[in-house]
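Given the coordinates of chain U, work out where chain R should sit on it, guided by the hints.
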Amino acid sequence: MIYESSGLAIAIFLVFVGFTLGLSFWLGRRAKSAEGYFAAHGQIPWFVNGVAFAGDYLSAASFLGICGMIAFYGYDGFLYSIGYLAGWIVALFVVAEPMKQLGKFTFADALDARFQSPGIRLAAGISTLVVSVFYLIPQMVGAGALVTPLLGFDQWVGVVMVGTVVILIVVTAGMVSTTWVQFLKGALLVVFSAVLTWMILDRGLKVADGGADGHRFAELRILAGDFADNDGTLGPLTDVRILPPSDGWEKAKERFVRLESGGTTSVWLARRTSNEETADWILHEAQTMTKTADGKRLVNGRPKGVKKGEPELHPVGYVQSLPGDIRETGPLTAVGFLRTLQDSTVVLWRSEKLVHGDGSETTVYYPKPTPGGEVLRPGEHPTFRGIRSEKFTDKLNFLSLMLALFCGTASLPHILIRYYTVKDAASARRSTIVGIASIGVFYVLTLYLGLGAMTSGELDVSDENMSAPLLAKGMNTWLFAAISAIAFTTVLGTVSGLILAAAGAVTHDLLGSVFRVKMNDSEKVRMAKISSVCVGAAAIALGILFQKMNPTFLVGWAFSVAASANLPSLVMILFWPRVTRQGIVAAISVGMVSSMAWILLSGEAYSRVYGLDAALAIVPFSQPGILTIPLGFITLVAVSLLSPAPKSS
Amino acid sequence: MNIKASRSGLTLFFVYLAFYAGFVGLNAFAPERMETVLLSGVNAAVLYGFALIFGAVLLSAVYGFLRSNTNETGD
Chain U
0 MIYESSGLAI AIFLVFVGFT LGLSFWLGRR AKSAEGYFAA HGQIPWFVNG
50 VAFAGDYLSA ASFLGICGMI AFYGYDGFLY SIGYLAGWIV ALFVVAEPMK
100 QLGKFTFADA LDARFQSPGI RLAAGISTLV VSVFYLIPQM VGAGALVTPL
150 LGFDQWVGVV MVGTVVILIV VTAGMVSTTW VQFLKGALLV VFSAVLTWMI
200 LDRGLKVADG GADGHRFAEL RILAGDFADN DGTLGPLTDV RILPPSDGWE
250 KAKERFVRLE SGGTTSVWLA RRTSNEETAD WILHEAQTMT KTADGKRLVN
300 GRPKGVKKGE PELHPVGYVQ SLPGDIRETG PLTAVGFLRT LQDSTVVLWR
350 SEKLVHGDGS ETTVYYPKPT PGGEVLRPGE HPTFRGIRSE KFTDKLNFLS
400 LMLALFCGTA SLPHILIRYY TVKDAASARR STIVGIASIG VFYVLTLYLG
450 LGAMTSGELD VSDENMSAPL LAKGMNTWLF AAISAIAFTT VLGTVSGLIL
500 AAAGAVTHDL LGSVFRVKMN DSEKVRMAKI SSVCVGAAAI ALGILFQKMN
550 PTFLVGWAFS VAASANLPSL VMILFWPRVT RQGIVAAISV GMVSSMAWIL
600 LSGEAYSRVY GLDAALAIVP FSQPGILTIP LGFITLVAVS LLSPAPKSS
Chain R
0 MNIKASRSGL TLFFVYLAFY AGFVGLNAFA PERMETVLLS GVNAAVLYGF
50 ALIFGAVLLS AVYGFLRSNT NETGD
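So the protein lines, in turn, are chains U and R. If you read the first sequence in numbering that gives the first Met the number 0, its first letter stands for residue 0, the second for the next number, and so on. If you read the second sequence in numbering that gives the first Met the number 0, its first letter stands for residue 0, the second for the next number, and so on.
No wet-lab data here; the hints were simulated from the structure. Positions of the beta carbon are idealized from the N, C-alpha and C atoms, including for glycine. Careful, some of the hints might be misleading.
Here chain U is said to cover these stretches of chain R; the calculated rule only asks that three of the stretch's residues, wherever they fall, bring their Cβ under 8 Å from a Cβ of chain U [claimed, not checked]: (1) 6-14; (2) 20-32; (3) 38-52; (4) 55-66.
Quick look at which bits of chain U chain R covers, simulated, 3 or more residues with Cβ under 8 Å [claimed, not checked]: (5) 204-214; (6) 330-343; (7) 457-469; (8) 601-608.
Far from chain R by the CB rule (all over 12 Å, computed), these chain U residues [as the list claims (entries may be wrong)]: (9) Met-160; (10) Thr-272; (11) Gly-371; (12) Thr-431; (13) Leu-478.
So that you can see chain U by itself, here it is in the shape it has in the complex (with noise of 0.2 Å):
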C-alpha cells in the first residue's frame, strides 16, 4: 500500500514527543542521586505505578503484532493475549513483595541479598544484558514499521528517531521520567483501545466485495474443459492467454493461474467449485508484488506508485456473507459481534512466495474465504499449527510456546526494576493488581480490535503489523494520528525501561559489584547514563540490522531466554534454604546458554534469520522453554546439593 504522511497526524506525534520530553527534562531536575535515578527515590505511588507497569508491559509486540495476528489469522494472536496475561499471575503471586523486600535496584540484587557474590552479579548481569538487547531488537524495528507510514520516512530513520529520543528520556531522568512516560502510554493505549471497539462494535458488520479503496476482487467461473483443451486461450475467450507455469511458478504450492490479455498480465488462484461431478473451476483473483533482481518493486506487473492513483496493493479485510443473508447487521453488542462473527464467512488473505530465474521474487496475495467458525479457533498461524498437528513435536512447540509466556513475564528484568520505584512491600503488590487488571482489559479489547480490523477493508495485505493504525485510519484520520501517535510513545515507553534496566545492570551489577570500580553516587548516575547511550546506539544498529525480522518471533525468543535463565533462581531462593551461590551462578549460566543455543538451532532461525530450510535444522521444534526451564532449575537444585551448604541453612 501506499502510504502518504499526513499533517495532522504528524502534529499530533509532534505534540506527544514533545510533551513527553518537556515532561522529562522538568522531572529530570529532581532526580540527582543514583536512589532517584534508578527507583524513582522509590516514591512513585503504586496507582501510577501499576499503570506504569501496563505502559511497560504493552509493548509494540503486544499492540501492532497481536492485533495484526488477529486480523490476519483469527483467534491465534489471542494466545499470546493469555499467555502474556497468565505470566502476571506469577510475578504477583510468587515474584512480587519478596523482590521488594529483598533487592534495591536490580533483580540481581533480589537473588545475591543472601550471599553477597559477584559470581552471582556477573551472571545475573549478563542476563538483564542479553535479554533486554533481545527485547530491544523488535521494539526499534516496531518503531522503525510505524514511522513509515506515519511520516513517510525509510524504516532506518524511524530507528534513529525512536533510539535519540530514548535516550534522551533517560538520560534527563531515568526511572522518574520513564515511569511517567510509560503511566501516560498505558491509560492512553486503555482508553483508545476502548473507544475504538466501542466505534467496532457501534459499525457493525457488513458483507463487501473488496476493501475500503472499492476495488472488487473478481471471480471467473471456468468450465473444466476450458482448462483441459489446451490450446493456450481461456475457453471461449480467445483474446485471453494462459501463461505456461514455468521461471518458478510450476514450484508454488497452490495453483496460480497466470492470464495475459491486452499486453498486461494477472494472477489468479485457481479452486474447483464444490461440484465434484463437473469438476469446474473458479479463478479468484490474486494480487502481487514482485522484487526485481535491481531492487525495484512491481504491483501486479507494474512499478509501484508514490502516490495515491498509482499502482498498489488494494486494501483487504471484508466479510463475505453474515447469517441469515443479511448485508449489514448495524450496531452489536460485545457478545453480538462475536456470535455474528462466529456464522459469517470472512476473506482472509494469505501469500507465498515464488523465486525466477533471473534473481526476482514474486509474492503472491491471494484470497481464502474461512468460515467464523475457523477464524474463532485455535491453530490457524504457523506458529500455533502443533494445536491441528498429528505430531507430537508440534505439540510440544505449542505447550512449550504457551510455558514461556507463562513463566517469561515474572523474569523479564524491565518488569522486575519497577518493583523499586515503589515504598514497600504492599505497595509492590497494589501495582502489580492495577497492573494486570490494566492489561487485562487491554487484551480482551485486542480480540475486537483484531477481528475488527479484520473486517474493515483497511488492511495492507504486506503488512499485518499494521493492521491496527490502519483500522483507527478507516474511522477517521484524528483517530489515526491518536492511535500511531500512542503506538510510537507505546514503543519509547518500552524501550526506555529496557535501557534502564540494562545500564543498571552494566553500572551497578557488573562494573559496582564485579569489577569493584568505586563511584560516588553522581559518578554512578553519571555512569548510568553513559551506559544508557551505548545501550541505546547499540539498540539502534540492531534495530537497523534486523528491519526484516518479524518483532513477534523476536518477543517470544526473549521470553524463553528470560524465563530459562532467571526464573529457576528467583523461584528456588525463595522457596528451597539449600540454595547455594553455585547453584545460582549455573542455573542461570545453563538456562541462558542452553535457552539461545536451542533458539539459534531451530527451524525458525534457520528459515527466518539464515535463510536456509527450517528442515535441516538440528533441533526437533523451535521453542526451547519445555526443555531449557526444568533444565535451569535441576542444575539449580544438583550444582547446589554439590557444593557446600551455606552457613544461614
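Here is chain R on its own, set in the frame of chain U:
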C-alpha cells in the same frame, strides 16, 4: 534473610496454574472441544480465554483483599 511468598498467594497461584494448564492442554490435545459453541453463540475457545483474563483480574483482587484484611506478613 528469610523472605517467602505468602501462603494465600501460593494457593491462588496453583488454582490459576490448574486453570491455565487446562486451557493449554485442551488446545493441544482436544482442539475440537474448543470449537464447541457454548453460551450465547460464543465458542469455548473465546469463553475460556475471557475467563482466564477476567479470572486473573479477579484472583489478583481477591489476593489484594486477603492480604490487606489479614495483615499476613509472609508466612
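Going down the list of hints, with the structure as the test:
Using a Cβ-Cβ cut-off of 8 Å, 4 residues of the segment 6-14 of chain R lie near chain U, which meets the minimum of three, so the contact claim holds. Counting residues of the segment 20-32 of chain R whose C-beta sits closer than 8 Å to any C-beta of chain U gives 6, which meets the bar of three, so the coverage hint holds. With a cut-off of 8 Å between beta carbons, the segment 38-52 of chain R has 10 residues touching chain U; three or more are needed, and the interface restraint holds. Counting residues of the segment 55-66 of chain R whose beta carbon lies closer than 8 Å to any beta carbon of chain U gives 8, which reaches the threshold of three, so the coverage claim holds.
For the segment 204-214 of chain U, the stated coverage by chain R is violated: 0 residues have a C-beta nearer than 8 Å to a C-beta of that chain, whereas at least 3 were required. Coverage of a stretch by a chain is defined here by at least three residues with a beta carbon nearer than 8 Å to that chain's beta carbons; for the segment 330-343 of chain U and chain R the count is 5, and the condition holds. Only residues whose C-beta sits within less than 8 Å of a C-beta in chain R count toward coverage, and the segment 457-469 of chain U has 0 of them, not enough to reach three; the restraint is violated. Coverage of the segment 601-608 of chain U by chain R is violated. Counting CB-CB distances below 8 Å, 0 residues qualify, and the rule asks for three or more.
The beta carbon of Met-160/U is kept farther than 12 Å from every beta carbon of chain R, the shortest such distance being approximately 34 Å. Look at Thr-272/U: its CB is around 26 Å from the nearest CB on chain R, clear of 12 Å, so calling it non-interface holds up. Its closest Cβ contact with chain R, about 9 Å, brings Gly-371/U to no more than 12 Å, contrary to its assignment away from the interface. Residue-level check failed: Thr-431/U sits 7 Å from the nearest beta carbon of chain R, not beyond 12 Å.
Distance to chain R confirms Leu-478/U as a non-interface residue, since its nearest Cβ pair spans about 25 Å, more than 12 Å.
Going through the hint list in order, the structure does not satisfy hints 5, 7, 8, 11 and 12.
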